[in-house]
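Produce the complete structure using the sequences and hints provided.
2 protein chains.
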Amino acid sequence: MIVVPGPSAPKVGERVAQIIGAKKVGVDYKNFPDGESYIRLTEGVKGEEVVLVHTTYPQPDKRVLELLLLIDTLKDLGAIKVKVVVPYMAYSRQDTRFRDGEAVSINTIFRLIEAAGADEFYTVDIHKEFSLGAFKIKTKNLYATEVIADHLKGMGLHEPYILSPDKGALDIARRIGEMLGAEYGNLEKARDRITGAITVKGDGVDARGRDVVITDDLISTGGTIANACKILKDGGARRVIAVCSHPLLVAGAYERMKGAGLDEVLGTDTVDSEVSKISVAPLIAKEFR
Amino acid sequence: MIVVPGPSAPKVGERVAQIIGAKKVGVDYKNFPDGESYIRLTEGVKGEEVVLVHTTYPQPDKRVLELLLLIDTLKDLGAIKVKVVVPYMAYSRQDTRFRDGEAVSINTIFRLIEAAGADEFYTVDIHKEFSLGAFKIKTKNLYATEVIADHLKGMGLHEPYILSPDKGALDIARRIGEMLGAEYGNLEKARDRITGAITVKGDGVDARGRDVVITDDLISTGGTIANACKILKDGGARRVIAVCSHPLLVAGAYERMKGAGLDEVLGTDTVDSEVSKISVAPLIAKEFR
Chain A
1 MIVVPGPSAP
11 KVGERVAQII
21 GAKKVGVDYK
31 NFPDGESYIR
41 LTEGVKGEEV
51 VLVHTTYPQP
61 DKRVLELLLL
71 IDTLKDLGAI
81 KVKVVVPYMA
91 YSRQDTRFRD
101 GEAVSINTIF
111 RLIEAAGADE
121 FYTVDIHKEF
131 SLGAFKIKTK
141 NLYATEVIAD
151 HLKGMGLHEP
161 YILSPDKGAL
171 DIARRIGEML
181 GAEYGNLEKA
191 RDRITGAITV
201 KGDGVDARGR
211 DVVITDDLIS
221 TGGTIANACK
231 ILKDGGARRV
241 IAVCSHPLLV
251 AGAYERMKGA
261 GLDEVLGTDT
271 VDSEVSKISV
281 APLIAKEFR
Chain B
1 MIVVPGPSAP
11 KVGERVAQII
21 GAKKVGVDYK
31 NFPDGESYIR
41 LTEGVKGEEV
51 VLVHTTYPQP
61 DKRVLELLLL
71 IDTLKDLGAI
81 KVKVVVPYMA
91 YSRQDTRFRD
101 GEAVSINTIF
111 RLIEAAGADE
121 FYTVDIHKEF
131 SLGAFKIKTK
141 NLYATEVIAD
151 HLKGMGLHEP
161 YILSPDKGAL
171 DIARRIGEML
181 GAEYGNLEKA
191 RDRITGAITV
201 KGDGVDARGR
211 DVVITDDLIS
221 TGGTIANACK
231 ILKDGGARRV
241 IAVCSHPLLV
251 AGAYERMKGA
261 GLDEVLGTDT
271 VDSEVSKISV
281 APLIAKEFR
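From first to last, the protein sequence lines stand for chains A and B.
In terms of my numbering, the first sequence has 252 at position 252, counting the first letter as 1, and numbering is strictly consecutive.
In terms of my numbering, the second sequence has 73 at position 73, counting the first letter as 1, and numbering is strictly consecutive.
By construction, these hints were calculated from the structure, which means they are not laboratory data.
Worth double-checking, as some hints may not be accurate.
Remember, identical chains collapse to one label, so a pair may be satisfied in a single copy or spanning two.
Said to hold, decoys possible - Computed list of lysine-lysine pairs in DSSO-like fashion (alpha-carbon distance at most 27 Å, straight line):
| id | residue 1 | residue 2 |
| --- | --- | --- |
| 1 | Lys81 | Lys136 |
| 2 | Lys167 | Lys201 |
| 3 | Lys75 | Lys153 |
| 4 | Lys30 | Lys189 |
| 5 | Lys153 | Lys23 |
| 6 | Lys30 | Lys128 |
In structure tokens:
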């Protein structure tokens, strides 16, 4: 078995190779002046089982296309199996036709990954697990909660309260809460029908004097987290920490959260960012030992 | 039959719909802050034969992924046939494994277009026609030479000489030359093995007092054209005009060519640019009447 770390975030793939003691085959990568990607495997893969680790953020479209090019090229070069690991799967929030005529983009992309030649598909904390139903091949959604809980254990939290910003992501808070033996719950998120603004309500959450950990699958603009933080600090929280699997942090998100009083923002390295302090590599490596 | 003008260059698709008198169905399009595309057909397409016109430049990766999303979504919404027209096909220069381990990207992309559900595929002046062999569905490469020659006829050229910058693109010069009843030929292009710089030689081309039209399938940086222009002007050319099917014109290309003395640069609207004055819509429309 060999590991190919895709050009999007080679460090995760390199760590996976290291942990499982497998040979690493690199990818020569460049971007042409017209915006096209160039991809070349630096060593032969003929007859090999390949674990391809390639994430899809930032520049999701470029990264998704590279993923498809890599899978098809590996097969074309004679790899007998390509096990695809996408730590952060872009487009996974486009999982439902909310309005007539909309693309259910994640379905298309999953079908393309399979058509390109993937034999197995792994991802971390996909937005909704049912999306994986678009595949016919073997799939697995890995939970980052394990590596996140390990990290939180080392932080000396005071009477921790693990909080989901809404009901939809309560599962993550529950899993982390159970691993830490801590209380968990959720806020209520509401979208103003006229302005589109999101507000959160903290009824029933007693944060006084406690370290509150807000958990979510991803942090994009950080707006919800900033909003929740204010409520929790007003409610007397000692510290407010946000932790997510996928720190997308679009322009200004980190500053917005810090400005709202967040004491710490943490994410995993499914996406490379300034807060990606928790590695999912051990989690991925477990699947291939 | 309905026409769907893709969001990359809707004008070409709209003109095609107009010429063939078919109904147009639009695409709602936006770009999320995290870089993902959102696509929605504004009207039903169930039971329809659809001509989808979507080009793939600039931002080739985003445009290729949108193309795949559009095809799959049209099929998912019940279109009975999707005839895909890509006026400029990105990645078509990556058509050969020049070095071991390289992706033959155009093959992958063609297989994906077919896997997404395309029933027929049309493009304009693809870099090399053999690339279309990656498809199993019906394909056709349209020649822009016809609309280009029509445009040139209206320009009152003086003793025109139609010139390819190298032997590889001589076919285009020949076709245009024959349509205009003009002499045609080619320069010799050589790449310096050490510096990588491209030089062109004009041995045997007598440009004195004539209007020389340099033709190529695409203009990217404009370096070759600028180089050729200097030689032709030194050789006494009256006017030097460059014309191409696909005016990619990466940063500074237009200025570079103008600076080298080009009297005019022309392209078709397979790619939207400041020189896209010749429309391929009539050429495309002919296929669907």
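Status of each hint after checking the structure:
no.: 1; hint: Lys81 with Lys136; in the structure: both (15 Å within a copy, 24 Å between copies)
no.: 2; hint: Lys167 with Lys201; in the structure: within (12 Å within a copy, 70 Å between copies)
no.: 3; hint: Lys75 with Lys153; in the structure: neither (42 Å within a copy, 49 Å between copies)
no.: 4; hint: Lys30 with Lys189; in the structure: between (42 Å within a copy, 25 Å between copies)
no.: 5; hint: Lys153 with Lys23; in the structure: neither (33 Å within a copy, 62 Å between copies)
no.: 6; hint: Lys30 with Lys128; in the structure: between (33 Å within a copy, 23 Å between copies)
The structure shown violates the earlier hints numbered 3 and 5.
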